[in-house]
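Undergrad: If you want the building blocks of each chain, they are given just below.
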Amino acid sequence: GAVVSQHPSRVICKSGTSVKIECRSLDFQATTMFWYRQFPKQSLMLMATSNEGSKATYEQGVEKDKFLINHASLTLSTLTVTSAHPEDSSFYICSARDPEGGWQPQHFGDGTRLSIL
Amino acid sequence: SQQGEEDPQALSIQEGENATMNCSYKTSINNLQWYRQNSGRGLVHLILIRSNEREKHSGRLRVTLDTSKKSSSLLITASRAADTASYFCASMTTDSWGKLQFGAGTQVVVTP
Numbered sequence: 001g002a003v004v005s006q007h008p009s010r011v012i013c014k015s016g017t018s019v020k021i022e023c024r025s026l027d028f029q030a031t032t033m034f035w036y037r038q039f040p041k042q043s044l045m046l047m048a049t050s051n052e053g054s055k056a057t058y059e060q061g062v063e064k065d066k067f068l069i070n071h072a073s074l075t076l077s078t079l080t081v082t083s084a085h086p087e088d089s090s091f092y093i094c095s096a097r098d099p100e101g102g103w104q105p106q107h108f109g110d111g112t113r114l115s116i117l
Numbered sequence: 118s119q120q121g122e123e124d125p126q127a128l129s130i131q132e133g134e135n136a137t138m139n140c141s142y143k144t145s146i147n148n149l150q151w152y153r154q155n156s157g158r159g160l161v162h163l164i165l166i167r168s169n170e171r172e173k174h175s176g177r178l179r180v181t182l183d184t185s186k187k188s189s190s191l192l193i194t195a196s197r198a199a200d201t202a203s204y205f206c207a208s209m210t211t212d213s214w215g216k217l218q219f220g221a222g223t224q225v226v227v228t229p
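Heads up: the protein sequence lines correspond to chains D and B, in order. Just so you know, the working numbering puts the end of the first sequence at 117, numbered straight through with nothing missing. Just so you know, the working numbering puts the end of the second sequence at 229, numbered straight through with nothing missing.
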């Protein structure tokens, strides 16, 4: 079964709306989670690294005020797309790293398809 | 961040044939991973190969790694229609603490 749950799976909303996406680790405590964005027929681009109890680390070119990340507990990270516009429409995917897993692969959520009208 | 290259971008084969795709990366790595993504879905981990390994097998999958050329290949043998998906390589550097850099991906279509 899934070890990382991402919710919601799909969001359709009007321009200007803020949208919150949740990423939960189910079987382990994730001190680090990652947020990716994927445009159609393209690869995953890392947006930010979410660290429990501290500020997220954003990749170059990603607006931290636009994409708010909160990692308030060891099992939950949230990504809020603030005042979303059509160009923010994309597929957002989170992943979580099990700190007990050494260099084992991360676990990915099923993604959230965001459509801004 | 720069992404690695993958080729081919798209591959169309018939069931039973083998599918080979290649990936290149830019920096020294701790390991390289291959993932599969069905259309509109999340990623499924396929195989991880460490920097000190040269070849690894898992079922019908065979992965090679050439650190001198900073490249890797994924071979799917005896392909099935259910193998139709996009395949991505992802490299992890030693100091990235789990951060993955994904390749551009190869879209594979297996025709029955």
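Bear in mind the hints are in silico, worked out from the structure with no lab data behind them. Note that the Cβ used here is the ideal one computed from N, Cα and C, for glycine as well. Possibly wrong hints are sitting among the right ones.
[Said to hold, decoys possible] Have a look at the derived ranges for each label pair, beta carbon to beta carbon:
| # | chain 1 | residue 1 | chain 2 | residue 2 | range |
| --- | --- | --- | --- | --- | --- |
| 1 | D | Gly61 | B | Asp124 | 33 to 39 angstroms |
| 2 | D | Pro99 | B | Gly176 | 36 to 42 angstroms |
| 3 | D | Ser15 | B | Thr184 | 42 to 48 angstroms |
| 4 | B | Lys173 | D | Asp65 | 40 to 46 angstroms |
Undergrad: For every hint, state whether the structure bears it out.
TA: Now for the hints, and whether the structure bears them out:
no. : hint                                   : result
1   : D:Gly61 x B:Asp124: 33 to 39 angstroms : violated, 25 angstroms
2   : D:Pro99 x B:Gly176: 36 to 42 angstroms : violated, 29 angstroms
3   : D:Ser15 x B:Thr184: 42 to 48 angstroms : holds, 47 angstroms
4   : B:Lys173 x D:Asp65: 40 to 46 angstroms : holds, 43 angstroms
Against the hints set out earlier in the document, violations occur for numbers 1 and 2.
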